[in-house]
Every structure is written in C-alpha cells, then in structure tokens.
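Colleague: Residues per chain, in single letters:
Protein chains: 2
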Amino acid sequence: MANLGEISVSAALNLLSAFAFLVAFAILRLQPINDRVYFPKWNRRGIRNSPRRSGVCVTRFVNLDWRTYIKFLNWMPAAFRMPELELIDHAGLDSVVYIRIYLLGLKVIGPLAVLAFLVLVPVNWTGETLEGVKNLAYNDIDKLSISNVPDGSKRFWVHIVMSYVFALWTFYVLYVEYKEVAAMRLRYLASENRRPDQFTVLVRNVPPDPDETVSEHIEHFFRVNHPDSYLTHQVVYNANKLAKLVQKKKSLQNWYTYYFNKYERTSKRPITRTGFGGVVGTKVDAIDYYSSEIQKLSEAEALEREKVLSDPKAIVRAAFVSFKSRWAAAVCAQTQLSHNPTIWLTEWAPEPRDVYWRNLAIPYFDLTIRRLLMAIALFFLIFFFMIPIAFVQSLANIEGIEKVFPFLTPLIETKSVRSFIQGFLPGIVLKIFLILLPTILMMMSKVEGFSSCSSLDRRSAGKYHLFLLINVFLGSIITGTAFQQLKTFLHQPPTEIPKTVGESIPMKATFFITYIMVDGWAGIAAEILRLVPLVIFHLKNMFLVKTEQDREEAMDPGCLNFATYEPKIQLYFLLGLVYSAVTPVLLPFVIIFFAFSYVVFRHQVINVYAQRYESGGSFWPDVHRRLLIGLLISQLLLMGLLSTKSVEKSTIALLPLPILTIWFHVYCKGRFQSAFVRFSLQDAMTKDTLERATEPNLNLRAYLKDAYVHPVFKGRIHFESPLLVPDEENNTLVLTRRSS
Amino acid sequence: MANLGEISVSAALNLLSAFAFLVAFAILRLQPINDRVYFPKWNRRGIRNSPRRSGVCVTRFVNLDWRTYIKFLNWMPAAFRMPELELIDHAGLDSVVYIRIYLLGLKVIGPLAVLAFLVLVPVNWTGETLEGVKNLAYNDIDKLSISNVPDGSKRFWVHIVMSYVFALWTFYVLYVEYKEVAAMRLRYLASENRRPDQFTVLVRNVPPDPDETVSEHIEHFFRVNHPDSYLTHQVVYNANKLAKLVQKKKSLQNWYTYYFNKYERTSKRPITRTGFGGVVGTKVDAIDYYSSEIQKLSEAEALEREKVLSDPKAIVRAAFVSFKSRWAAAVCAQTQLSHNPTIWLTEWAPEPRDVYWRNLAIPYFDLTIRRLLMAIALFFLIFFFMIPIAFVQSLANIEGIEKVFPFLTPLIETKSVRSFIQGFLPGIVLKIFLILLPTILMMMSKVEGFSSCSSLDRRSAGKYHLFLLINVFLGSIITGTAFQQLKTFLHQPPTEIPKTVGESIPMKATFFITYIMVDGWAGIAAEILRLVPLVIFHLKNMFLVKTEQDREEAMDPGCLNFATYEPKIQLYFLLGLVYSAVTPVLLPFVIIFFAFSYVVFRHQVINVYAQRYESGGSFWPDVHRRLLIGLLISQLLLMGLLSTKSVEKSTIALLPLPILTIWFHVYCKGRFQSAFVRFSLQDAMTKDTLERATEPNLNLRAYLKDAYVHPVFKGRIHFESPLLVPDEENNTLVLTRRSS
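Going line by line, the protein sequences match chains A and B. Just so you know, we're using this note's numbering here: the first sequence kicks off at 1 and counts up by one. Just so you know, we're using this note's numbering here: the second sequence kicks off at 1 and counts up by one.
Watch out, some of these pointers could steer you wrong.
To be verified - Looking from chain B toward chain A, a few residues come up when the C-beta cut is under 7 Å (computed): (1) E192; (2) V331; (3) H339; (4) I343; (5) T368; (6) T488; (7) H665; (8) Y667; (9) S674; (10) A675; (11) S680.
Stated by the list, open to error - Straight-line distance between alpha carbons at most 20 Å, and here's what the computed EDC-like set of lysine to aspartate or glutamate pairs gives: (12) A:K487 x B:E299; (13) B:K499 x A:E496; (14) B:K487 x A:E648; (15) A:K244 x A:E293; (16) A:K487 x B:E648.
Claimed, not checked - With beta-carbon atoms standing in for the labels, derived distance ranges: (17) A:E695 x B:E347: 31 to 37 Å; (18) A:D311 x B:V677: 38 to 44 Å; (19) A:R692 x B:A377: 48 to 54 Å; (20) B:V224 x A:V161: 49 to 55 Å; (21) A:E691 x B:N699: 31 to 37 Å; (22) B:K241 x A:I369: 53 to 59 Å; (23) B:F543 x A:G670: 18 to 24 Å; (24) A:D311 x B:R371: 53 to 59 Å; (25) A:V224 x B:N561: 40 to 46 Å.
Bear in mind the hints are in silico, worked out from the structure with no lab data behind them. Keep in mind that this is a model prediction, so the values were computed, not measured. Glycine residues also receive a C-beta, built at the ideal position from the N, C-alpha and C atoms.
Next up, chain A with everything else stripped away, as it sits in the complex:
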C-alpha cells in the first residue's frame, strides 16, 4: 500500500501534468489558427468569424500579443459569466442539466466533507488503534480513517449518526435538484418554439394489410381512430443501403480533394493504386481514378435513391404521424391504439436529429429476443472482461513486475520510479481497457433496437455504469481473478458480501485517490486541451480544405458524450459516498474533480460542443436513480464494515437507512419521473391555445411536410450525427462537376 509520501509524489505529478495541460491549452487557444478547435460553437454561429484578416499574415495564425499570455487562466471566470437561462438558449437544456451533475457533486460531497473533517476525522485520529499494534504496516491516511478506531468502541456510534446525517443531506439535495431539473424541463418545453416533434408521434409495428399500402393503411387507421386531429404522416424508407453509398462517396471525395490539392501545390499529377488503402494494385492517375469512381457511385446512388422512393417494399412498417395539435399528439403518444399491444405502438417522436433510423422496423418479438440476448451478452462482458484487467493489474504491482522481469529490480527499486509505477500504472491499465468499452456497449444498445439516439445513449450509460460498478469499483477492492470473484460471491452468504467488501474498503483508499487523480483530474485536463480534434483538424486543414465551408466541416466540435461521461461521474459520486464515513481524506480529491470538471465542461459547453440532439434533460431520472444506488451501496458497505468491528448493534441501527433510501427512490420516481417521460395534456393545451391565438393562420401541414424525412433525402441540412454521415448533395455535385 502506498504511504502518504507516495501519494504526495503522485499528486504532485498529476497536478503538474494537469497544469501542463492547462498551460498548453492557454497557449493554443490564443492562436487564431486554432479558433475552430477551441471555439467551434461561435464559429458555427458566425459570431466569432475566422481569423481577423486585417493584420499581417503571421497574426492570422499566431497570436503575438504577449499580454494575452499573462492571463492564461482567464477562460475560467469567463466560463462562469454566462447566466443559466442564456446558457440554455445557447447550448440547449441537455448540456445545462449535464453540467449541473458536477454542481450537484459539489453540493452533495462538499458539506459531507466539511462535516466529516469536523467530526469524523478527530474521532478517528484519536482512536489510536494502529499505533498500538506494532507489526501492522499502516500509513498516515489510515490514521485518519475508520481503521484507527478500536474494535467494539463506542466511537462507532458517531459514524452511525453521521451516516444518517449524510443520507438525509443527500436526500435533501437530490430532492431539491430533481424538483429543479423537472421544473427546468417543464419550463423549457413550455417556452420552446414550435418544433415538429411536438406534433408528431412515432408509430411502429404497423400490421400488414393485404389490400392497402403501408401509407394508406396508416392514413385510414388514424382517420378512423383520431378523426378530429389526424393531420398527416411521413412513412419511413429503408434507406440503410443508400446511406452507406452516400458515406462511401464522401470518403472518396475526401481522397479526391486531397490529391487535387496536392496537384495544385506540386503541379504534378499524383499517382495511387487501386487496391486496399492505395498501397497495392495497379498504378493509376489519382485524380482521374477518384473522379471516375465518384461518378460511378453517384450514378449508383441516384439509382438506389430512385429505387427506394418507388419500391413499396422499401417502406418499413413504421411512420411519423402528425396531428393538428400538441394535445392530440400527447394523447396519441400516451394511449394504446390497438388491443394487441405489439402492433400500432406509439411513442413520442424523437426530434428529427435524434431519430436512429436503422432501428425503426424491428418487430416486437425480435425486440424481446434481442434484449434477452444482449442481457446475457452484457453479463458475460462484465464478468469475463475482468480477467484481462485483473491479470494486467496483478503484473502492474512492484512485486509482480520484479517477479516477471527480475532484471528490472534495480530500476524499480529507485524511489521515484517506484512511486511512478505505483501511482500511475494501475490507473492507466484500467484506462486503456475502458477506452474501448463505450463503443462496444453502444453497439449492444443498437442491437437492442432503441429508436432514438438519446435513448441509445441512456441505455449505453446504464450498461457502462454497471460495468464500472462491478469491474472498477468492486474489482479494484477485491483482487483476484474475475470469475473467481463471482464464484466466491455466489458461495458466500448475502450478509458476508458487504462484510468482505466493506472490510477492505479502508485499505483501498489510497488506490482510489490515485485513480481519481489519474482518471479524473488528468482526464478533465485532457478534455479541455482537445488534443485529438486539434491534430485531426490541422491534418484535414492541410490536406482537404479548399473552401471556407470545407474548413467548417473539417472541424468536429464533438459533444457531451453522455454514455461515457455520466457513468464515470457516478463512480466518483460512489467513491465520495462510500468513503465519506470511512476515509474522509478522499473527499477533497473528489471535490477537486467535481469543481474542476464543472469549470471545464461549462467552458466546453459554451465554446465547443455541438449537441447532436436535444432531449430536454430526459436523462435526469437515470442520474438520480444511479446516485441513489451509490448511496445504497455505501450504506450496505458501511453496515458490512461495522459488523466486522464487533459492534453488532450498529448493523441493526443502520438497517432503516437502506429501506429509507429505497422508499425515497420510489417517492421521487412517482413525484417527478413522469415529467421526463410524458407530456401533460394541460401543458399541451396551454401551448396550443397560445399558438392558436398568436398565429391563427399557421399552415401546419406545410411546416411538418419534410420534418421527418430520412436525412439522405434531405436537401441542404446540417446533420451532425456521426452514426449516419450523409453529405450535402448539392455540394457533391459542384465538386464532381468541377473535377470533370
């Protein structure tokens, strides 16, 4: 176990690296050439236009004003300046609610830390158990933790009382926050402008009809069952193949532009090969080759486009049905149409950007099978992914390395290297594994058949949370190979599990402190530097960009990746809650993480991210639930820990806590959740009435006409989803024509 000195080295290292990141960021962001990387949001709006052209040539790329460098942290106060209401306008409710999670972290863990340091740390410090035991290796952190209180001591009552105080405080903050977020969402929904999804319902599993086409069938059905309010509908085309063609053409166009630019620079016709990756196959003139390939693909695309639009089989059994009023749409989304609940399924339509087109046509039975299979797959993923992690981690301790590579012993034994290995390595090993994971989980969620990107994100977040909980949290506490652990748990009594885990909790405090620094602090610092987008942007800028619009497209502003970020926050919440009563020393590290993240993400939300969709903060019930799961776990583990300290009564005294937590969850769910899943008729009616008064002559049919057309059929529209990357049709034509 690392001692306080090692922790300090590690903390210093991490702080230093974070500081380096920040300095790098401060310098890079001031260069006009990086404007599109660090301020893409403003660029896209045309507010912060590309580099000032007035100055000399150099200043277009490098900032020579030395005074700006002095205030290299002045982005921080700037991040706070925008008030919340303006921020909602600027970045959408999703982003605002998301950064509130970090603020919530401060609100929950902050007072917990203050209380813990005022009450628990003195109680622990004066426990003096560890000093009494001679042979035990302990460090200063342990002296501040619950381990320092002697077995059977009456001091544990302080911990019990404090854990009640902690729980009640957490309830209070969570309740207020849930209430506030729900109110924000309702205000947002009430104030937002007319949007197609307010009038539209996604209808799936339209039953086949021998006499009518899908479109006719839908129209007849709704004319009968919603006679007064049915307006129009938009069928869904199976355009997956077309989307693939479009994407392929886009990639070819990039190559074409690359070679064309090269040609313009060097005035020499570039050569490429026709085989894989341009490295095998026969040599050809690159520009001719790509322009002819693009030509071919354009023709295939046009053919496919024609085919999809004319072939009745290309219409899937789903549609977006629009109504004359929000009230009618709200009614249709919440009621059941047919007595067979597996056909005519209705749900609130996601906003057009949010639709995940590929999953709209899955029959009900397939869905249940897919979900079963994915649940089993998730189980195996979670429990067998542990094997490599545990294996690498077991290598990554000093003794392990010395055993496997005995020749490295002298090097490792030097003090600084030792600290480095102990401080960094276990965290980094985990980190590498975790980078791959979200993509896999997202793929699994897609297989499950959800029909909107936001629900895919939420679903993946749930899986990832489970993974982090079992593999990172539990897996780090109880060492040993993965499946073995599962086996141990199965063969242990249910009351033993919290004991086993709880007992080793205090001993793992230093590991988690390191983890918070490596994964949390450094991760956030890296987030603000945006190294990968920076490099990619400059590469693209160098090779592909011809027009101002190309340059705009070259920049991927990124977005808040809820599926990856939120479960991680939950891990820090969990650590904070678990250690609040056990080793309060860990709390400041968590608080720094939350505070730092809050500033960074507020900055990013203001200046960088472009959200792919807007769900109106509909993920909050998940955040709330997972936070309560964390609280529940912390309570069970505390019970387990205390029951190993020969204070049996304490377990009983703590018993009401988890029950209270579960009840609080049920209560909050009933009280607030519906604001996130349903749209009340009263609100819909209010909005309808208002609109009817202000715009009596609105032509809603024309407004909704093309709202839910598959993006590949759309004219000039920005579609930022990375899932289906369509291009701008007209653009393509211009380029192709130019090249021929």
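The hints should help you fit chain B onto chain A, whose structure is shown.
Modeller: Using the frame of chain A, we list chain B on its own:
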C-alpha cells in the same frame, strides 16, 4: 415420516369425510327449505322461485320424493352442462376466468403427471439406492422419488431433460391460456352493454383552489383540457360517518324485528336490558326500546345526511368525471393531466359496485408512506407469524406430544390414533392459523389506499401468496423456528439456499400429500356444503324474516373470494411443479384437487355465488405471474437438489431454464398485459361508432346522472358489498313507521 400405510389411512379418512360432505350436500340440497342456500342465484333472478306452494305443507320444507335421492351425484354433470358463453352471461367473466384456473391446473399438471409416471417413475424405481443402504428408514413413496437414484448417476440426465419438457409444456399451456383469457376479456368488453364506467374516469388528488369549490374547479379544468368531450362529473362525499349510522340502524332494526316476531308468537311483551349485548343495564320493554332507538338514529341520520350534502368540506378532493364517448374516457384514463404527477391523477373508474369509497381522498404523499409502512408490516407479519405455527407444529408430532403429555403415550401409540395424529393434525394447525389471516391482509390492503374492491382483492391475494409461499411451503420444508430460518438464510450463500431446501424436498412429499388432502379435498367438499351460510340462513329465517323480501336478504349467497382462494391454488400449482420431477406420486393428488375443485366451483358459480363486482378477469396477469414464480422456484429447487447429488454439470445444464422462464414472463407481460390494464382507442372508437349509429338520440347525461353516487344516498338499489352495508332507505321508513 409417514409410510405408505399411514398415507393410505389418511387418504381413506379424507375420502370418507369428503364423501360424507357430498352425501350431506346431496340430501340437504334436495330439501326445498334449503333452496335459498344452495340456489340463491336462481332465486335472486326469480327463476327458481321459493318452494312450490302447490303441494302439502310438509313438501314445502322436506323433499319426500325418494327417487331424487338415488342420483345424489347428479349435480356434477349438471355443473358441466352450461356452455361457457352462457356462463359468462349468467355469472360474469370474473367467475368464468376464475374457474379456468382449475382447468389450467389440469392442463398443466395432467400431462406432466402422465409423462412423469411413464418416464421418471421407472427411472427412479430401478435406481435401487435406498434398498442398498441398510440403516436408512425409507418408505415406498421414496422408492418412486428421485431419492432412489444413486449419487452421481447418469440417470439424472433424464430428470434434467424432463424438467425442460415440463417447462416448455407449461410455457405452451400458459401462453395459450393467457391469449385466450385476453381474447375473452376483449370480447367481453366489446360485447357488454352500456355501463357507466365505460364513460367515466376517477380523478383523484384534485388540487385546492382558493376561489372555487371542488366541483367548480373540476368542471373548469376539464372544460379547458378536454373541451370537446367533457360531459359531467360527480363529486365524492365523505359519507363514512353516515354509512356507519346506517349500518348501526340496520343492526337495531334486526333486533327490533326479532323481538317483534317473538311478541307475535308469544303475545308477551319481550324484555331486554339497555347495556352491552342486552345482558347488563336496566330492564326495558324491548319493542319500545328499539323502536325509540331507531327513531333517534333515523333523526341523527337525516341530520348527517343533510350536513354531508350541504357542507362543502364534506366533499373530498376526488370525483368521477364522465365523457361524451368511450374514446374520450379511454384517453383521459391513460394520459397525464397535469405536469405534476401527484395531482389530477386519473384512472379508469371502477364500476360503481366496485368502488371502495373510503379510500378516494388520500393524498399522494400519504399513499407512499402508507405503502412503506404496510410493506414493513407485511415483512414482520410473514416472519413472526411463523413462531406460533412452528411452535404448535412441533407440539403436534408424536414425540412432541408424548414429551409434553406423557400420560397420553399409550393412547397415541395405538396404530389408528397414530395415523390420525400424523395425517390430520399438522394440517389442521396450519389451517386454523390461516383462517384468520385473509382478514388481516385485507385490512392492510385497505390501509394502502386502493380505490376499488377488485384491486384490494388482487393486492391481498399478492400478500397472501407471499405468506403461503414462505410460511406454508418453505416453513413446512425447513423446520425450525421462524426468525431462526430467516437468519440461517441470511448467513447462507445464495447458492446454498436452493440446496438446503431442495435437499429436503423429497422427504416432505408425504407431508404435502396429507396437506393436499386435508386442506384441498376436504376444503372443497366443505365449500359445497356451505355449512356456515346454511346455519345462519336458518337462524335468520327463524327469528328475523317477516316478508319474502326479508327472506331474500337473510341469504348471503357469498362470492368467489379471490384474495383467499387464488393464492391457495397457486400453492397447489407450486407443489405440482416442484414435485413433478422429484416425487411424481404427489401429482395425482394435485390433479384430483383441481378436478374436484373445478366441478364444485362450476356448480357454485352457476347456482350460488353473487359477485360483488365485475372486473372482467383483470386478475389474470397476477395469476400468470405467480404461476411463473412457482415454476421458477421449482427450477431453482431442482438445481439445488441435483447439485447435492454430486452431478455438478447438471446445475449448469439447468441454468438456461430460469433465464428462459424470466424471459417468457417479460414477453407475455408485454404481449398481453395491456389488455388487462388499458382500453385501446380502436376498440373504444368502434363501440362509440356503433352506439352512435344504433342510438343517435341517447341522453347520456341522464344515463350517468346517479351512477356514481355514494350508495348511502341511493334510492332502492342492491348493494352487496360487505364493506359498507347500507340499507334500503324506503324500507327503513316503512319499518319505522310500522313500529311507531
């Protein structure tokens, strides 16, 4: 443990007692004087009118036709004669679906028994383990059970394969049955006549408004949010006190009638005392006393009635809101009105008879607290109720009795007494405890705040099922005091529990066979005899009945008590499923129970019961779910049992079974459940359209006017709920006037 001989004695005893019940029933039912006890349903319809008046006086009371006695079982074929559709008309869908549960029992367990006897019994019989072990006490039943197969034998694969076959067969039957019941319900809803609840929604938690009365507030709110379809509403009065007065008056009237009849017979003014129960206090003339008491109460009642109707505070924050069409009511019941989900709660209105008036006014927060408290109370009830049961059971074995009452030893040791004690006593001890229980559970459900009698019944059934599962099933398998068991389970690994329970399953076969006979067979036989209603009817008939209408009221036809009966059926299902692969000898006993019950309940439904409400079979999802819980338990226990037989691979081979069961549950829930909780817009629209075509001039407002008036305010209406027993107002007046 009882051996085969003892079982035979017990079976003979039970068969004999069942036979005696049947003979008694056959004789009693033929007496015209008992007509109202055994055929109340026909009486109430006026089809089978009171005793034939044409014959001599004696034949009005006793049947002297000897020929009818010969065919004393001829009610059995008669019970089958009515086709199902007619039965639905005659007795309602609830009853028909309920008796289908017994039929389902035959469909599930019957083929299981055939397969088990063809395949498993030979495999077990030739296992010959028990004969090899010298010192083990075993009996013939054990030789047919899985205990007879040697440890580690390959024969267990037969059991594994068969348990798959059993599970698949059960899935198939359950799926078909769920589908059929859902279709029956939909057909029933589609075909039934106009009923007030089709147009009505129960609105609860109406928020307070400073400027308007509750009634105005409701009207305004619905005129705004359902402008086209709102028709009318009926506020709910807090008439609990009034209902109590009415009930008290009813009891006084019974006493009055009793004394008046006595006076008429004896021509002597009867005397009573004013104190408790008429045994203490000063002597008074009974007729004068009761008539004056009734007078007083009538005045108080009139005053209270006036007060309730005029006092705005007597109106609770709930109402029955009616719409112009079924479509609009279906919309309102399924959608959320306010964005605050704790106010303006809407749900499908129960039919007027089904409303549980007292619970309509509970605020949302109170409800969550009440449910939390009741959940805790249920936990304690289930786990501490075991102490007395286990205590009495431990007394009720031979050795226990001999220890406590040594002087009884010679008596007990006689063979027949021994068989009697072992066969009867443990079952009866349980039985007495269980009789008290449903009332307690129903009270708990009422505290939980459900607003319809049908949901109260369903809810109580759920509690009772849990109780039977833990206390009767598990409690009988693992002996030892109650809380001790809970403790053992908490301190055992989760994989050990199925092992512990599974291991002792085969040994308990004989106990459960006895239980099935005592509780099942005899219980059903007693059900058809209706001894308690018979006695009460004749007592009332003797002392209270003056007019033909009084006589009609004197008869309580009873009803299918879902909350008590259904969980018991589930226990027999569970026994059948658990023992199907372990001790198939038990199955015929279960089958006899199901077959016998089916006949008896079909007879009772046709001739006796008057249902208190009609919910359209809405309890089926519960039945289905609990059956699958039983199947799941049987699979887990088989896994536990096999893993103690040194065949580890078997546990893994059985692992997919519970997963499949859970998936099947999820699938069926999604596929069918909504038919039981929601009413599809398509069906509502169809019915509306049809009605509009056939009755264009229907005055719906007049039709709905008094539908949802609290029963104490109603004119002449039969209200059979035992919860609030109001009287017929006019009647009362007649009586009172007559007495004065």
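Colleague: If you test the structure against every hint from before, which numbers come out violated?
Modeller: 1, 4, 6, 7, 12 and 23
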